[in-house]
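Chemist: Spelled out, the chains give:
Number of protein chains: 2
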Amino acid sequence: MHNFTRIIDNGKPRVVIIGGGFGGIELVKSLKKADLQVVLIDKHNHHTFQPLLYQVATAGLEADSIIHPFRKCFEDQPNFYFRLAEVTSINTEKKTVETTIGHLRYDYLVLATGATTNYYGNEQIKKHAIPIKSIDDAIALRNHILSNFEQALLTEDEEELNSLMDYVIVGGGPTGVEVAGALAELKKHVFPKDYKELDFIKMDIHLIQGAPRLLSGMSDEAGDKALAYLEEFGVDVWLDRFVKSYDGYTVELDNGQKFITKSLIWAAGVVGSPIDGIRKESIVRGGRVQVDEYNRVTGYEDIFALGDIAAMITAQTPQGHPMMAPPAMQQGKLLGKNLQQLISGKPLTPFVYKDQGCMATIGRNRAVVDLKVLKTQGFFAWLIWMFVHLISIVGYRNRLLVLINWMWSYFSYDKGMRLIVGHKKDPNAPIHKQAPTTTQTTFS
Amino acid sequence: MHNFTRIIDNGKPRVVIIGGGFGGIELVKSLKKADLQVVLIDKHNHHTFQPLLYQVATAGLEADSIIHPFRKCFEDQPNFYFRLAEVTSINTEKKTVETTIGHLRYDYLVLATGATTNYYGNEQIKKHAIPIKSIDDAIALRNHILSNFEQALLTEDEEELNSLMDYVIVGGGPTGVEVAGALAELKKHVFPKDYKELDFIKMDIHLIQGAPRLLSGMSDEAGDKALAYLEEFGVDVWLDRFVKSYDGYTVELDNGQKFITKSLIWAAGVVGSPIDGIRKESIVRGGRVQVDEYNRVTGYEDIFALGDIAAMITAQTPQGHPMMAPPAMQQGKLLGKNLQQLISGKPLTPFVYKDQGCMATIGRNRAVVDLKVLKTQGFFAWLIWMFVHLISIVGYRNRLLVLINWMWSYFSYDKGMRLIVGHKKDPNAPIHKQAPTTTQTTFS
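One line per chain: the protein sequences are G and F, in this order.
Heads up: the first sequence begins at 390 in our numbering, then just goes up one per residue.
Heads up: the second sequence begins at 390 in our numbering, then just goes up one per residue.
Hints are not guaranteed to be accurate.
Because identical chains share one entry, a pair is satisfied inside a single copy or across any pair of copies.
To be verified - In silico BS3-like links for lysine-lysine, alpha-carbon gap of 27 angstroms or less:
hint	residue 1	residue 2
1	K401	K585
2	K633	K591
3	K735	K484
4	K735	K522
5	K761	K515
6	K576	K743
7	K582	K422
8	K669	K647
Just so you know, these hints were derived from the structure itself, not from any lab.
Generate coordinates for the entire structure from the input sequences, incorporating the hints supplied.
Modeler: The structure is reproduced here in structure tokens:
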């Protein structure tokens with residue numbers, strides 16, 4: 390019978406953290422010396438460095454170099470326990486979390502479940518669009534892109550050819566801009582060498598943005614430069630446009646404009662995914678959980694939330710903080726300190742977000758960076774972007790591998806990971822309560 | 390409709406090669422300057438460096454660093470065409486190959502389909518045992534091993550615990566020996582740090598070998614040293630034993646001895662997989678296709694076979710050549726020359742195998758090497774093993790990544806890739822004639 394049997398009450402207060410994203414692992418880290426039992430529950434056994442998922446999806450990096458096993462991250466932290474499970478609900482009366490492997494009592498609970506892709510309630514789009522939110526998403530997209538070109542070789546029907554060669558990316562935020570730029574680079578430097586029998590003039594890359602400018606979260610200079618770079622790379626950018634429908638073949642925009650594609654990449658926003666059991670009074674728009682300045686969920690003494698899932702609504706931040714890594718990491722760090730303060734009955738420190746700015750890369754030598762100290766675009770911005778991402782990647786080995794891959798791609802104009810890797814059944818896979826089964830069609 | 394429409398008759402003889410293993414890619418390479426149309430058909434879009442699959446399975450290397458896209462391998466070879474497909478049969482009358490994407494006419498056909506895992510006709514074992522023959526096998530095994538320990542944390546039942554922590558490896562050839570050694574290293578250096586709540590004294594690793602000695606293909610010194618090294622690493626080696634049955638839980642040997650395990654790793658041998666349409670008179674034991682000294686399939690003028698699938702039965706090689714990379718590569722290289730000779734009506738050169746010896750690594754600083762010039766075991770042998778494998782890996786980038794991973798693991802006593810990577814459906818996956826669908830249960 391599955392349970393948490395090996396996590397024994399040792400008299401110390403138990404902090405249960407749901408989710409090992411940027412906020413969750415910062416919190417675990419900052420509890421390293423705490424006299425607590427720290428239990429991290431995640432549905433993956435690894436942290437994912439989400440900002441570089443798009444490079445896995447576009448054959449620039451191998452998946453393993455941007456994910457890092459939790460047990461490895463914290464192997465030197467004696468108070469750390471990890472369990473691979475999905476939390477299904479929480480019981481705030483009994484103070485337990487219900488999971489796919491049984492239930493666990495908590496003294497303090499931290500929701501760090503992050504956000505999921507937002508399809509704005511459109512089930513048809515949800516069914517057919519391709520998200521890039523998890524490592525599995527990224528690998529599936531890579532397989533999809535490469536399979537499309539293998540398929541394109543097999544048809545002479547012009548419309549089918551376009552449906553396989555053309556890409557529509559929805560969302561003009563950093564992810565959408567970065568995916569569009571990376572596809573444009575593949576179109577220019579890589580695919581023509583791989584698929585000599587195809588004419589890549591025919592490969593159209595469309596980027597659909599709902600706002601009048603790209604990178605709405607950033608400065609006008611950044612947004613305008615990003616647009617200029619993408620157009621220079623041959624990407625068709627459509628501003629002030631929304632996708633009305635997509636059936637897996639035809640995309641229709643709000644103005645009736647249509648595109649034919651088997652690849653609608655959805656980067657149009659995220660929404661929080663609160664867990665059953667949280668009082669609905671605490672759930673605000675965007676599916677986020679309202680927290681006070683100490684990241685405590687409103688209406689609870691012992692439940693906290695941080696990162697994308699947490700909406701810290703104040704006079705300065707009426708919308709809460711941006712759903713990005715930096716606020717999550719800063720909140721995780723502070724909450725670690727505050728939990729220890731709380732337990733020893735000392736006063737807590739309110740959270741103040743230190744905005745370090747925002748950046749996006751469009752491709753080779755092209756990035757846009759808004760920092761407190763400077764706004765810059767182009768080659769220097771691109772160097773800053775690479776530096777900041779490199780030092781942020783979890784795990785020294787991963788950092789080294791990413792650096793080498795980037796240098797290799799830069800000098801060779803190549804993307805090495807053009808691999809369609811199929812999937813295989815584990816004959817004796819331990820059958821797991823409520824474990825979903827996914828299927829994948831491969832060529833092999 | 391799927392077909393080979395973009396491979397146009399250009400008046401040049403068309404060589405169709407089925408399979409891009411060691412033999413197949415050597416053949417393509419040696420046809421680089423040939424005035425031919427060279428078509429490679431494979432069910433993967435990448436070459437797999439099989440000798441290191443076991444390191445992917447045991448978290449030592451990322452999958453992407455030992456596989457290399459065919460289109461990348463031959464991007465500078467104008468006469469090269471690749472198609473991602475599975476060959477279902479051959480029509481030697483019409484001179485066509487029937488595939489999952491349609492049929493293609495050939496002037497010369499080369500079978501380089503390699504070998505598959507040999508279960509010696511035991512369907513029950515085939516159903517439950519875990520093979521290591523493809524990159525998907527290796528990733529599935531890695532997921533399986535890590536999932537087992539996550540599961541082990543959830544039980545207090547001693548028998549279930551053993552079934553999850555114990556491993557039985559069948560086959561005392563290089564692969565079996567290397568897997569056993571790698572698991573022993575994980576047990577010693579890695580898993581105890583990852584799973585502090587488990588007692589790794591309980592992790593048993595059994596290696597079952599049918600012959601009276603390990604590494605039957607190699608010298609007595611090599612076999613005896615391998616045994617000594619494995620026992621030093623705490624592996625239980627059972628010589629002169631066969632597996633009678635395995636139901637996914639209980640392994641029974643020919644002497645009635647039983648082991649409880651959810652992980653029976655099958656490395657007990659391979660068997661050729663000939664394609665429908667080859668006259669059965671040409672198919673010899675082990676499912677191999679009989680060829681003459683020019684790798685021409687007996688009874689045909691225009692069909693050739695090389696590597697594992699080819700049995701070149703001569704007075705010196707009554708069993709054909711060993712089913713390993715070196716004979717395949719040497720045959721591929723020579724066949725490339727001979728095909729050009731044949732077309733220009735010149736005499737062919739008979740194949741003579743240059744045996745470069747054989748080697749296996751047991752783990753850190755421990756390998757056994759039999760070369761023509763010397764037989765050695767231990768640290769020096771281990772260096773030779775690494776050097777030979779490094780220079781053999783296809784792709785400079787892959788070589789560099791493998792080298793870095795090896796150095797990293799060596800100095801850190803760590804294996805970085807302890808990642809359970811789930812699988813995801815491609816919503817708009819181009820549906821492919823006869824494409825098999827595999828399913829995978831994940832925790833996430």
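Chemist: Are the CA atoms of K735 and K484 at most 27 angstroms apart within a copy, between copies, both, or neither?
Modeler: For K735 and K484, only the intra-copy Cα distance (23 angstroms) is at most 27 angstroms; the inter-copy one is 84 angstroms.
Chemist: Quick one: K576 to K743, C-alpha cut-off 27 angstroms, is that within a copy, between copies, both, or neither?
Modeler: neither (39 angstroms within a copy, 44 angstroms between copies)
Chemist: When Cα atoms must be at most 27 angstroms apart, do K582 and K422 count as within-copy, between-copy, both, or neither?
Modeler: between (54 angstroms within a copy, 18 angstroms between copies)
Chemist: Measure nothing new, just compare the shortest in-copy and cross-copy C-alpha distances for K761 and K515 to 27 angstroms and report within, between, both or neither.
Modeler: Cα proximity of K761 and K515: none, with 37 angstroms in one copy and 62 angstroms across.
Chemist: At most 27 angstroms between CA atoms: does that hold for K669 and K647 within a copy, between copies, both, or neither?
Modeler: The answer is neither: 40 angstroms in one copy and 56 angstroms across copies each exceed 27 angstroms.
Chemist: Up to 27 angstroms between alpha-carbons, please classify K633 paired with K591: within, between, both or neither.
Modeler: within (25 angstroms within a copy, 58 angstroms between copies)
Chemist: I want to check one pair: K401 and K585. Are their C-alpha atoms no more than 27 angstroms apart within a copy, between two copies, both, or neither?
Modeler: between (65 angstroms within a copy, 18 angstroms between copies)
Chemist: With identical chains treated as interchangeable, where does the CA-CA distance between K735 and K522 reach 27 angstroms or less: within a copy, between copies, both, or neither?
Modeler: Result: close neither inside a copy nor across copies, 39 angstroms intra and 59 angstroms inter.
Hint compliance for this structure: hints 4, 5, 6, 8 are not met, and every other hint is.
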